[in-house]
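Quick mapping for you: the protein sequence lines, in order, are chains X and G.
The first sequence begins at 0 in numbering that gives the first Met the number 0 and counts up by one.
The second sequence begins at 0 in numbering that gives the first Met the number 0 and counts up by one.
Hints should not be assumed to be uniformly reliable.
[Stated by the list, open to error] Under the rule of at most 25 Å between Cα atoms (straight-line distance), these lysine to aspartate or glutamate pairs were calculated in the DMTMM-like manner: (1) X/135 - X/111; (2) X/82 - G/59; (3) X/85 - G/75.
Calculated from the structure, these hints are not laboratory results.
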Amino acid sequence: MKFTHILGAAALSLGAAFSGAASAADINGAGASFPAPVYQAWAAAYKEKTGTGLNYQSIGSGGGQNQIVNRTVDFGASDAPMKDDKLESASLLQFPTVIGSVVAIVNLDGVEGLVLNGAVLADIYQGKITKWNDAKIEALNKGKKLPDVAIVPVYRSDSSGTSFVFTSYLAATNADWKANVGAATSVQWPTGAGAKGNEGVAGTVKNTKGAVGYVEFIYAAANKLATTDLVNKAGKVVTPSVKAFMEAAEAADWTHAKNFAASMIDTAGDGAWPITSATYILLPKNPTSAAQSAEVIKFFDWAYGAEGDAIAEKLHYIPLPGPVVEEIKKAWASEVKADGKAVWTN
Amino acid sequence: MDATISGAQATGLVTAHKPTGRISDPVFVGLLWGCGIFVLILLGLIIAMLFEGGLPALREFGISFLWSTTWNPVTERFGAGVMVFGTLFSAVIAVIVALPLSFGIAFFLTEIAPGPLRRPIGVAIQLLAAVPSIIYGMWGFFIIVPLMAAYVQPPLIDWLSPIPVIGALFQGPPLGAGMLTAGLIMAIMILPFITAMFVEVLESVPPMIKESAYGVGATTYEVYRNVSVPYGRTAMVGAVMLGLGRALGETMAVTFVIGNATRMSASLFAPGATIASTIANEFPEASTGSLKLQALLQLGFILFVISFIVLALSRLLVRTKG
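Just chain G, same shape as in the assembly:
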């Protein structure tokens, strides 16, 4: 009964439907073009705004703005060195921590996990990606920072700081907040993205190759090491770069836990600053036309360029997979 009615309605609709006219279709296509071009224009305008707004700072300080480590709002001497270093340093820590974890989770999910466990873990990882940045910041500030200050940093400083060379990474008072803490929080934040792409890559390994490897007596680890990983290596590197790209621009959580000091230090425990955290901190009090605002816009442009390079690399690597 239902079927006949809906069938009749369907035919009614078809007969009532006027064929797409000469006007409406080009309009629709034009709108689609507009949507596509809109993205390009928007991106272009943002880049242009950042560059044009920051240009006076670049003129004032010259190209040395890029590596100068001075950031003094009182004398209006600005340089991006500390922030560029902090951005790269903290993002690299994040990737170094997230990478082995992502490998483990992805391989567990695709190969080891029994069916009933696969979904809950998969969903949990996706939920990690859904937690807002500010929540990670608060969690980091109230839970991780005190834990680091009380239990992680003091013993590490005692044991490792006297060692030459490596010791430089473990100098300073146990503040809790600092580069390492920021890297750890970001590692958790980029974990879901890297893991999701790893799972996709590992699932795309043809079962026949894996079965063959098991067939000739390879262990789980050997299959993982010699079959799955080499099969998707480039795509995996691309996934890591994508994670790195996300870590570079992370703002809110980092601002809470990095310690916000515009000083250069090689120590993992020293407070530092990233480009994004500096902009977030300094922007509200930067007045129109001030050198500070121009320096901040220029910082934004530098971050844009760094992210663009990383993203372009990751695209390139993901595309050349297989």
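Looking at chain X on its own, in the form it has when it is part of the complex:
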């Protein structure tokens, strides 16, 4: 990988030359695109308040992980939690920032409030259910007139955290999906068509009669897309809403989750939305610059506060439950150390 490194270093030094305009105390982060809007909104408000700027490059979770492992940024961001052994070997602290969720969207004329569940969605994406008037879909939608139209499944062609969350849900609710396809940022889709980004999936679904797709809730809400209801683990029909996402977040098993990687997929709880997930920050436990690391922590400490929560909620993200934030603050104080001294104290 020698040449890769040489070219990579060249690209980075070029990047550094351009970002040189920002002041030295500014924080640099890179990674997941899903939380990018809220990080940027936080950065703008934080800069106004404290004068400390934050440059966040939305380059994808994989890129964020690479950059923080190589220590070319102050923090990395990833939608899917990093594996425990990888966190260990790169000595990174992982903590969630906000919670988001994924919703299913459909293009089906004349059908209001369509209800689906994970097993049926997985069958659709495996090509086992091909018509909207299939008996399995009709069983979930008693009393609704479903058309004899072919189902066109649409998925994200670019590898993304959204696909990771969605396929995790399909794998959790459908054994065949788990065995044959699995859950990852990109998978070998058995059927359907891929489109780039939320906008690509939404556009393709809009253009194609009988299409079904999945997008982040924030995107669906901002564009007023027709979403479906889902049957959750408790057997209740839930409509995507901030309240349903919060229930999912509270139902998650935070206390036993290592590295805060609590699964919010298909949690118990009557009102919990089943496709919910947190997005994560990766911070070095052995920072090269204690001051810089402290700035990052101060920023997220502020973001977990009332002001940060208000901004997140305005953008349809779900703030973390209070007890989880307390745990994260403890982890900051005890785990992030420069020369054996904690860089930040609560």
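With chain X held as given, fit chain G onto it using these hints.
Using the frame of chain X, we list chain G on its own:
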């Protein structure tokens, strides 16, 4: 008055000018050498990086990586088969569509078009080449894909899919996005390049030969068919190869309209993937040292080799013209 002043300045400059010294000229020549060698080194480094970066994937999967049709990021089993097929298939569609159009436009411009019309059409074609790839992608996604899904694909599927053999090209649901749509968009993108070279070739046909043909009573079509085209045939084939080369590496527009499915299908309407679109889609989430990244780099190397072969062929053919 002006002339005298500038004349005086010119002589002043000449007398003030010191003759190029023993140092400065070799430095200048050295810089020129540097510029030339730089290109070679850059190209060599890129090839080496792609090959070295992709080597672990080749070691892992063996030579069957080249034709294996598996692309499963979950189990980390990768193969280039679907993408190589998609790259060639979509590029060939693009050339098949662009070729007759380019012939028509080029001959119209050189022989038929009245003087005042020649320039606007020529400029319009050059402007097509100046439209950024992403714009073609958006146009394709928002305009062409819905049109294909609503008006082109359903009747074609109804009429042609029951026919044996040919029917295999028209299977599947009318998604709009797919191989054919990608080929059509790319055809428009390579049209200006092929047309420009055709115009050049047709203009290089000596007028005397054409006049002679008209003189013995040949029609426009006969002159075109029997004089102009045979005169520049090899160069034209070279132009087509150049267009093919451009189509092979096209990324952004294709990613929007090809449907991005890593599945093999002979159907024109089935979603597929090209090497370039796969790299664009998968790269952001491929982490350092992962097999996926290595497979992507190896894909890049394969694309490089394919493009190199096509480009070398086109160079060879263009050079042997006449």
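Against the structure, the hints come out as follows:
Restraint check for residue 135 of chain X and residue 111 of chain X: satisfied, since their Cα atoms lie roughly 18 Å apart, inside the 25 Å limit. Distance restraint check for residue 82 of chain X and residue 59 of chain G: the Cα-Cα separation of roughly 23 Å lies within the 25 Å cut-off, and the hinted pair is therefore satisfied. A distance of roughly 17 Å separates the Cα atoms of residue 85 of chain X and residue 75 of chain G; the hinted pair therefore holds under the 25 Å criterion.
The structure meets every hint from the earlier list without exception.
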